[in-house]
Amino acid sequence: MRRGETLAGWLLTLPAALAFLALLLLPTVAAVTLAFTDYELGEWPPNWIGTENFQEMWTDRGFRTSFRNTVVYVAIVAPLSVLGGLGLALLIESAARGRAFFRAVFFLPVVSLTVAMAAAWQYLLHPTIGPVNALLRVFGIAGPTWLSGSDTVLISLAFIGVWEAVGFNMVLFMAGLTAIPKELREAAAVDGARTAWDRFRLVTWPLLGPTTLFVVTISLIRSVRVFDTVAVLTRGGPNKASEVLLYTMYTEGFTYLRLGYSAAITLVFLVIVLGLMLLQTRVMDRRVHYG
Amino acid sequence: MGSAVRLVVLSALGLFILMPYIWMVSASLKPTDEIFRASLTLIPETFAAAENFGRVFARVPVVDYLVNGVIVCGGILFFQLLFAVPAGYALAKLRFAGREFVFGAVMLGLLVPPHVPALPLYAGLSALGWLNTFGALIVPSTISVFAIFLFRQFFKSLPDELIHAARIDGMSELAIVWRVILPNALPAATAFAIFSVVAHWNDLFWPLIVVTGHERATPALGVLYFRTEEAGDDFGALMAACAIMTAPLVLAFLVAQRRFVEGIATTGLKG
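Note that the protein sequences, when read in sequence, are chains X and L. Note that this note's numbering has the first sequence beginning at 1, numbered continuously upward. Note that this note's numbering has the second sequence beginning at 1001, numbered continuously upward.
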């Protein structure tokens, strides 16, 4: 049986292992390697140029703008969608009725085609014919140009990002909330935690810690990955005001075919994502030790 | 907060979330001049649904987009399960040399976002002459380390007796995987299927890279094309196109709401 088991184990993992090797491991290693070359599509073999791509990035105004925009976008979307998701989860959990209904409503953006909903937002936020500015005009306010203004484009995109992510976070928080026994909150109430805020502060929030950490990490990573709305609505414009990391990587690689430089941007992106994951495990470890 | 207040707050926020859907449908029913008047009435004075939807169908191959979406999502899911279910079973229930190594590779793979291997995969597919094919759309996503991880965790909780009984009946390990393990793992498989289909139906990044032209365009790409090439300021037709492409998943979600939410919540860890 033992030998048969070993053989079966290998045979059953073999297809996955081969696909893993060819479609994930090798391309990832290749991407990291390409980051140190001047590879352009059709020009083989590429030259090894060491860290030149990264030096270029450092002085490239376009990349710097893109990096800064991504940071701003994440700094808006992650906190708002986490707090919003938590707020909605608490509201729905304590609602007397309509829980399933509201959960479905807030979750709807998660399953909707991002590209299409982005177009719908573009109509809503259209400077002249959009309903949002039409409503503002009713109150005598001249609405901003939203997605077509370089001052407002990033905020508008972030706003769409929050709209899209909040229901996702809500569902994760709801799963975390159901894991907290009701008796604990009741016991706290008996022990003198009279207001709902006290019970939240003393019982729910600490016990929700691991869930919150997880939701924060995932929100950060998901918002670093912003691409669809930018590709459809603004293409990084106007004037690079909505250029973000993955979109820059995309244009450098697939429009200008500078695969080496694009790979270097990908590497920066990977390092950010890995850094966030590492941060999550670090915080988690500390919680275990001191918590 | 009283429960009435809560209900009002939730309704207001819910209405806000639904706003783009409501206006999308409303605009898809309105004639162009009404849209340009920017009035705040949702119901059109004259219904132009037939014209708007008609323009969409006349200008772009909508049905092709939808069929392509189904083929791509179905193909990806099929291979993901084909690779991940046996591997998940082996990692959960079989003892073999190298198992820890394989599992380590899976955990490592979980850390890499799909955007990272994209450039070399594109170069490879381009060299093979595979651009603009279903193969290019499907193949790179066929391996899901996340699926392997998910199935391994789920299979671990299945009782060993189930497998022993099947072995005594003389079933091969492969038969056990598909005829004993998978039927018992339907909740995990459904959750993963929903996660996978939602992710790939909505994905724009990869189709944008490997497809040019309408023939192999997925719904996400279809909307993008229609917006940039055809619609211009024709928001009525654009909103009609958006409604068509969004409808399949949204309808599926409304029918199987619970499963969707649970599916995404249990698989949410992927991000």
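Mixed in with the good hints there might be a few duds.
As the list claims (entries may be wrong) - List time: in silico DMTMM-like cross-link candidates among lysine to aspartate or glutamate, alpha-carbon distance up to 25 Å:
(1) Lys1156(L) to Glu5(X)
(2) Lys182(X) to Glu1262(L)
(3) Lys240(X) to Glu1262(L)
(4) Lys240(X) to Glu1229(L)
To be verified - Which bits of chain X does chain L cover? Going by a derived footprint, with three or more residues having C-beta under 8 Å, they are:
(5) 47-56
(6) 117-124
Since the hints were derived computationally from the structure, they do not count as laboratory data. Cβ coordinates follow ideal geometry from the N, Cα and C atoms, glycine included.
Now the hints, each set against the structure:
| no. | hint | verdict |
| --- | --- | --- |
| 1 | Lys1156(L) to Glu5(X) | holds, 16 Å |
| 2 | Lys182(X) to Glu1262(L) | holds, 21 Å |
| 3 | Lys240(X) to Glu1262(L) | violated, 39 Å |
| 4 | Lys240(X) to Glu1229(L) | holds, 22 Å |
| 5 | 47-56 | violated (count 0) |
| 6 | 117-124 | holds (count 6) |
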